[in-house]
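For reference, the chains in residue letters:
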Amino acid sequence: MSFVFLWTDIMVWLLVLVLIGAVRSIRQSKQSRKQWTQIFQSPVAMASAIILSFYLVFALLDSIHFEFTQNSSISAQASTIEGQVKTATNIEQGGVLSVLDLIFSHLKENTERTYSAPFATHEHSTSISYDEDGNVSQQYLPLKFGGQHLKENTKVFDDFMVKSSIPFLFSFFILAIIAFIHSWFNFKKYAIKTLDGLYEYLPIPEPHMPWKTVYFTLFILFFAVSWFYYLSQYYHVLGTDKVGQDVLYQSIKSIRTGVLIGLLTTLVMLPLALILGISAGYFKGWVDDVIQYLYTTLNSIPGVLLIAAGVLVMQVIIGNNPDWFSSTEERADLRLLFLIFILGLTSWTGLCRLLRAETLKISQVEYVAAAKTVGVGPFKIIKNHIMPNLMHLILIALVLDFSGLVLAEAVLSYVGVGVDPTTASWGNMINQARLEMAREPMVWWSLFSAFTFMFTLVLAANLFSDRVQVVLDPRRAK
Amino acid sequence: MFAYIIRRLLFAVPILIGVNFITFTLFFMVNTPDDMARAQLGAKQTTPEMIQSWKVDHGYDKPLFFNGQASGLESIQQTLFVQESLKLFTFDFGQSDSGRQITADIQERMWPSLAIALPTFIIGLVTNIALALLIVLFRGSTLDTVTMMVAVAIMSISGLFYIIAAQVLFSKTWHWVPISGYAEGWEGVKFLILPVLIGIFAGIGAGMRWYRSIFLEEMNKDYVRTARAKGLSDIKVLFGHVLHNGMLPILTGVVVVIPTLFMGSLIMESFFGIPGLGSYTIDAINAQDFGIVKAMVFLGSVLYIIGLILTDISYTMFDPRVKLS
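Respectively, the protein sequence lines represent chains E and Y.
According to the numbering used here, the first sequence is numbered sequentially starting from 1.
According to the numbering used here, the second sequence is numbered sequentially starting from 1.
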């Protein structure tokens, strides 16, 4: 087994480093610590942040890749867990896998022949079969995997209820452990021993965090994750698609694509917007003219056309250089990386214009003029006097952009200029499932899963960015 | 003001040259004229002479940016870039790579695009502003909170979902309207009603929130307090003062969009099979037809710049303090 570092993996872990750095600098400054406490005091923002971090964890788990070269201990382990030799043999065949693939390996391996509905035990449509006497009949064939543990005469619903109770109890158990640790910390921090040997709590200081919401959200999420994980061992919880792939597995794999496009694009566009916006606003004159010309030109090209043109160029470049990558995963990854760069290069103009206007305003203020007279250099002024005043704008723009980018991915995949068709993404799922709505009876589960996973992420991001905006925007803070 | 408009139009020229430069560089990186000739002449045996003659016919035989064979100013003039750009500036879009007249195509396909975009835009704008005013009237109440939550939810759902869900419900299950297609005149209404309604609904979330925040900001200003102190009712303040003063920020966002309505909507048109400019563009992207893409990019940029100028002019109409100079 050897680790494989895809380009987007490197970028995403780089981003994690940046995030850790940002959190540390927030903790050091008293004012921003106060602001962020204020953000998380809102129950809605807290719940959204927890949901977002669950998505992030999935994306990160899916960003540690390795390659199996020979029979290794992990594949042997996987086979004992599943009790199926098949798992082991398939993993041995090699290919790039992520940690998430290992956790959900049973989903990757247990494919069906064609469509099957969620919790189905038989295929979605009839197929012709011959019995021993040679009679032809139309039958719903039983699935290879889904619901095959059921004994005769047990209903799916009864089994479903029994099996659902286990993750329910499990998530209670996990939550109890967390609550215990939490109260232990509170005890250590706030409890004092009174004279008569009993413990008494000091009043816990303001601000109070919305702990009820935290526990409620955590319970829902732990339950959802463990429920999907446990039941997916017995059923195709969200059904299977045309070639029998598990839809749950596709939806989970798509998390990485969505989150990466939302996060990494901002990482690409931020330096451009920052450098160009601040220099236009600070240096004025011809620098301002050139930069204004640049972003007006880029802005005036219809966005989709610019992205489409960029993606077409990328396809040709990738097609002409087959030696850049050694596997299909790497090619798909390169395409994702290029798409992120193209989106970044086309979306910096808005933030740049905002930063330019704000820098123009700030550089008129007395303290900047004073710094100039004393002879402070331009870079020092930008770093010490201008940048801190722009931070709220940058943060608000970043959180606002995230949800738009996640939604844009689906549309771009539909137009045909999105991620590689082999990459799991909600856009690709929607695109493939779109035509199946015409089928009778309808195949709705692929679309439903893709939209639900996407909706949860985007809703959480929108609610969180609302709160960030309310707290950080000085115009709104009243 | 006339001088101002002339100057703004002159400023547009370098921007359009820049736009052309970007599209040229991007597309000739993908598709050299030789590739285009080979693709258009078909997979049959193509001789270098055939390619050469195709290039001469379509005007692709000159070098891209610099003609080494000519001298002086000619070396820049006798290039593909300058020749093609000059044609674009006279709105002569020439032939598409498949041999159709692009200008005629655009003129023909503009109307179906407008038939969707214009009603969506106008009804959407009125609905959004009306709803926002209503919500501002009930600001701070439970109704306000609930509506805003619904608005966030509407915003968070992918536009593709609305289209697919509406097609399944209204066309496939209930057979109220045909699933896709287009017809001229009043016949076309039954094809247009669903895309227009979806377009309006999908925009309600973001639109309502935006207008609400504009009106709320106005509500905090001094003149509103004065008006209320004089005894004006909430409704009179809202419609008499706030709506008028809120027009300025609304215009900034809205007027830019009006000219680009001609470009149509890529997604709507291709889902509903409407032969407008949006589906024209998508087809061109998929077929890698450079002629059409170039024309559409140019058209889009021109319309955007016109939108910017219109925005400035509309300012002077709503705010007497603004003077164009």
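The reader is advised that the hints may include incorrect statements.
Pair by pair, the computed Cβ-Cβ distance ranges are [as the list claims (entries may be wrong)]:
{"#": "1", "chain 1": "E", "residue 1": "317", "chain 2": "Y", "residue 2": "240", "range": "57 to 67 angstroms"}
{"#": "2", "chain 1": "E", "residue 1": "178", "chain 2": "Y", "residue 2": "145", "range": "41 to 51 angstroms"}
{"#": "3", "chain 1": "Y", "residue 1": "283", "chain 2": "E", "residue 2": "131", "range": "25 to 35 angstroms"}
{"#": "4", "chain 1": "Y", "residue 1": "162", "chain 2": "E", "residue 2": "327", "range": "55 to 65 angstroms"}
With a straight-line Cα cutoff of 25 angstroms, these simulated PhoX-like cross-link-like pairs (lysine-lysine) come out [unchecked claim]:
{"#": "5", "chain 1": "E", "residue 1": "361", "chain 2": "Y", "residue 2": "172"}
{"#": "6", "chain 1": "E", "residue 1": "144", "chain 2": "E", "residue 2": "242"}
{"#": "7", "chain 1": "Y", "residue 1": "172", "chain 2": "E", "residue 2": "242"}
By construction, these hints were calculated from the structure, which means they are not laboratory data.
Bear in mind the structure is a predicted one, so any value in this text is a computation, not a measurement.
Glycine is no exception: its CB is placed at the ideal position from the N, C-alpha and C atoms.
List of violated hint numbers, smallest to largest: 2, 3, 4 and 5
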